[in-house]
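Chemist: Below, each chain spelled out in residue letters.
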Amino acid sequence: MFVLTKLKYLATPINYLNSSITLTFSTCCNGCSREKLITCARDFQGAVRCVAASFLHTSSSRYDLMEFFDDEKNWGASEVKVGRAWKKEELRIKSNSDLHKLWYVLLKERNMLLTMEHEAKEKVALFPNPERLDKVAESMENLESVVRERNRAYFELETGETGEKEAVFDHEELGLKQFPELAGKRISKHIDEHWHYRLMTLFKGSAVAKFKKLYREKIANEERKARNRKRNHVMHLLKRFPHIDTATLEKLYPEVNIRKAMLHKKTLGNHPHNRA
Amino acid sequence: MSTRWYPIYKRGSPQLRVFLPNFWLKLIRPVHKQPPNVVQFVVSVEMTKHDVKNYLEKIYNVPVVQVFTRIVSGETRQDPGKGYVVKDDDYKLAYVTLPQGKTFEFPELYPKEEESEQDKTQKELKKHFKNFVDRNKDRPGAPGWFSF
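If you read the sequences in order, they're chains A and B. At position 235 of the first sequence (counting the first as 1) the number is 235 in full-length UniProt numbering, and the numbers step up by one without a gap. At position 22 of the second sequence (counting the first as 1) the number is 22 in full-length UniProt numbering, and the numbers step up by one without a gap.
Excised from the complex, chain B in its bound form (with noise of 0.2 Å):
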C-alpha cells in the first residue's frame, strides 16, 4: 500500500516522514525491580531505540533520556497430547529513563478488594464454631448446651 511504501532515500530527494506510524507500545508493570525513573514497555519489534524515543517524546510529550531495548524470545513449550513443540512469538522489551526527578510508579488497576459482608459472617461462624468445638473437647458425650 502506498502509505506503507518506504522508498529508498537517496541524497537529495526531500526528507522521508511517516505521517501514519502503525508501530504499538505497551506499558507494563517492570519484572525485575527498577529504578524509580526508569519505565518498562513492550514495544513493536521493528522499532528501534530512536523510534521509541521520538515516539514517546512527540507523540506523547514525555521526556526520555535513555532507551534500551532487547528482544526477548518467546517461551517454548511441549504440546501435552502430541508432543510437537509450540514457540510463542518474540517480543522487544524497551527501558526508558526519564530525566532526573522525573518518576513514574505503575499504578495499581486492580486494588485489594474489601472483604465483603458474607466473608466477614462466615468467618465469624467459623470461629464461633471452633471455640464451640474446643469447649467441649475434654467432655465428650456431654450435650452442646451443657455448659457452666
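Just chain A, same shape as in the assembly (with noise of 0.2 Å):
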C-alpha cells in the first residue's frame, strides 16, 4: 500500500502552482501526531516505523484552539525533551503525501512554540528547551528543499527547464552588480523603458564614482588579507611541521606559493632541519 502511494505520488509535481492571495488546504494534514514525527526522526527504521505508523492512525488528532498549547503535563515544565530535526535524507524516501502532512505537523508545532513563548515572555517565566524552535525551522528548511529538489526534477524531465525563478545580473542605483530574481520573464532591454529611464539617471555623478571607488577598494583590502592570511598559516605550518608533505600542502592551499614560503624566515624555527 506505502509503495503504491509512493510511485502514484512519485508520478505527480506537487508545487508548479501557487497563490498569495487564497489558501486552499488539503484537509489531510492531522496524519501523526507532532510529538511522535518529530520524536521518531532518529534512524532510517525509525523513521520508516513511523510512515507506518501514519497508516495505522493509531494516535487520536486534536482539532481545538487547545493545539496552539503544549501539552498539560509539559506547563510550567523546566525541561522538554525531544528528538533531532528530520535530516534531508530521512525526508527525500517519502511519499509526496507524507511530506505534505509533515509540513502541517511542523508548521502546528512552531504555532504552538511561539504560543508558548510569547506566554512565557509574558509571565517572566522560563521558556523550557527553545532550540525546539530551531529544529522546527530546520526541519521545515530541509522538507521545502526536498520538495524543491524534486519539482526540479519534474520540470528538467517534462519541460527542459528547471522551473525556478529566473535570476539576472543587473545593476542596483549605486551601480553595483546584483542577482535578483524575477516574478515573471524578462523582456528585451530595448523595448525596457524603465531599463532606458535607469540607464539615463543613475549610476552617474561624483559621489557614486567615489562610492564604487572605495567599495573596491574595500573588497581588495578584504581579498589581500585573506591571501597574506593563507599564506602565514602555511609559513607557520612549516616551522612546526619541517617534514610536512609539500604535495599535499600545495594541493590544500594552491594560491600560496610553498616554495617561495618555505625561504621565509618565517618558516625558520627550534628544529635542527628548519634552523637558519
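Hints may contain errors.
Each pair of labels, with its calculated beta carbon distance range [to be verified]:
no.	chain 1	residue 1	chain 2	residue 2	range
1	A	Lys123	B	Arg139	46 to 54 Å
2	B	Ile8	A	Tyr197	16 to 24 Å
3	B	Val31	A	Thr162	43 to 51 Å
4	B	Asn61	A	Ala153	33 to 41 Å
5	A	Trp195	B	Asn61	46 to 54 Å
6	A	Glu117	B	Arg77	20 to 28 Å
7	B	Asp89	A	Arg92	32 to 40 Å
To give an idea of the interface, some chain B residues facing chain A are shown, with a C-beta separation under 8 Å as derived from the structure [unchecked claim]:
no.	residue
8	Trp5
9	Lys26
10	Val62
Hints in this document: simulated from the structure, not taken from any laboratory. Quick caveat: nothing in here was measured; it's all calculated off a predicted structure. Beta carbons: idealized from backbone N, C-alpha and C, even for Gly.
Dock the two chains into a complex; use the hints.
Modeler: So, in C-alpha cells, the structure goes:
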C-alpha cells in the first residue's frame, strides 16, 4: 500500500502552482501526532516505522484551539525532551503526501512553540528548551529543499527547464551588480522603458564614482588580507612541521607559493631541519 | 525558490494553490478584556483576514465568524548610551470571533505556586520574633526569658 501510494505520488508534481491570495488547503494534515513525528526521526528504521504508524492512525487527532498549547504535563516544566530535527536523507525517502502531512505537523508545532514562548515572556517565566524552535525551522527548511529537488527533477524531465525563478545580473542604484530573482519573464532591454530611465538617470555623479572606488578598495583589502592570512598559516605549518608533505600542502592551498614561503624567515624554527 | 514562486494569475489558468504555507500564528492572552468568544492572535504581517480565516478553518478546524486585523507599530526607544533610536518590528494582531455559543478562555499555563515548607517556617519564625519584640517593648533591660 505504502509503495503504491509512493509510486503514485512520485509521478505527480507538487508545487508548480501557488498563490498568495487565497489559501486552499488539503485537509489531510493530521496524520501523526507532532510528538511522534518529531521524536521518531532518529534513524532510517525509525523513519519507516513512523510512516507505517501513520497508516494505522493510532494517534487521536486533536482539533481545537488547544492545539496552540503544549501538553498539559509540560506546563511550567523546566525541561521538555524532544528528538532532533528531520534530516534530508530521511525526507527523501518519503512520499509527497507524507511530506505534505509532515509540513502541517511542523507548522502546528511551530505555532505551539511560538505561543508558549510568547506567554512565557509575558509571565517572565522560563521557556523550556527554546532550541525546539530551531529544530522545527531546520526540519521545515530541509523539507522544503527536498520538495524543491523533486520539483526541479519533474520540470527538467517534462519541460527541459528547471522551473525555478529566473534571475539575471543587474545594476542597482549605485551601479553595484545584483542578482535579483524575477517574478516573471524578462523583457528585452531595447524595449524596456524602465531600463532606459535607469540608464539615463542612475549610476552617475561624482558621489557614485567615489563610492564605487572606496567599495572596490574595501573588497581588495579584504582579499589581500585573506591571501596573507593563508600564506602566514602555511608558513607557520612549515615552521612547526618541517617534514610536512609539500605536495599535500600545495593541493590544500593552491594559491600559496610553497617554494617561496619556505625561503621566508617565518618558516625558521628550532628544529635542526629548519634552523637558519 | 520554486515552491515560494507565486506566478501572476491569468484568466483560464488553473487555480493557484498554496501547498506549503509558511504563515505563522500565535495565540496570545488578550491585552484588553474581550467577549468570551473572541480570540486574539499575533499573525504574520503578510496575512490577510481571509488567510487567517482559512488557516484556522482548514488546518485547526476552528469555525470562524469574523476576523479583524490591525498592524501594531513596534515600540521605539532611545539607546541609553548612544542615544540613537531603536524600533521594534511591527506586528499584526488578529481578533477572531468564534460562532455563538463557542467560548475560549486562555489557560493558566503558569499557575501560582503553593508555599514551600521553608517559606512557611520562615513566616512562622518571623511572626514569633515580632511577638517577642512586642512583648518586651515596655520593659527595657529585662532578659528575654523573664516573663509571667
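Chemist: All hints, please: hold or fail.
Modeler: So, going through the hints one by one against the coordinates:
Checked against the hint of 46 to 54 Å, the pair Lys123 of chain A and Arg139 of chain B passes, with Cβ atoms roughly 49 Å apart. Distance hint for Ile8 of chain B and Tyr197 of chain A: a CB-CB separation of about 23 Å, consistent with the stated range 16 to 24 Å. At about 47 Å, the CB distance of Val31 of chain B to Thr162 of chain A agrees with the hint of 43 to 51 Å. Checked against the given bound of 33 to 41 Å, the beta carbons of Asn61 of chain B and Ala153 of chain A, roughly 34 Å apart, stay inside it.
Hint check: Trp195 of chain A to Asn61 of chain B, Cβ distance near 50 Å, so the stated range 46 to 54 Å holds. Separated by about 22 Å at the C-beta atoms, Glu117 of chain A and Arg77 of chain B satisfy the suggested range of 20 to 28 Å. Remark: the range hint 32 to 40 Å for Asp89 of chain B to Arg92 of chain A is upheld by a beta-carbon distance near 35 Å. Hint on Trp5 of chain B holds. Least Cβ distance to chain A is approximately 5 Å, under the 8 Å limit.
Restraint check, Lys26 of chain B versus chain A: the minimum CB separation of about 4 Å is within 8 Å; hint holds. The beta carbon of Val62 of chain B is positioned within 8 Å of a beta carbon in chain A (closest approach about 6 Å), and the interface hint is therefore held.
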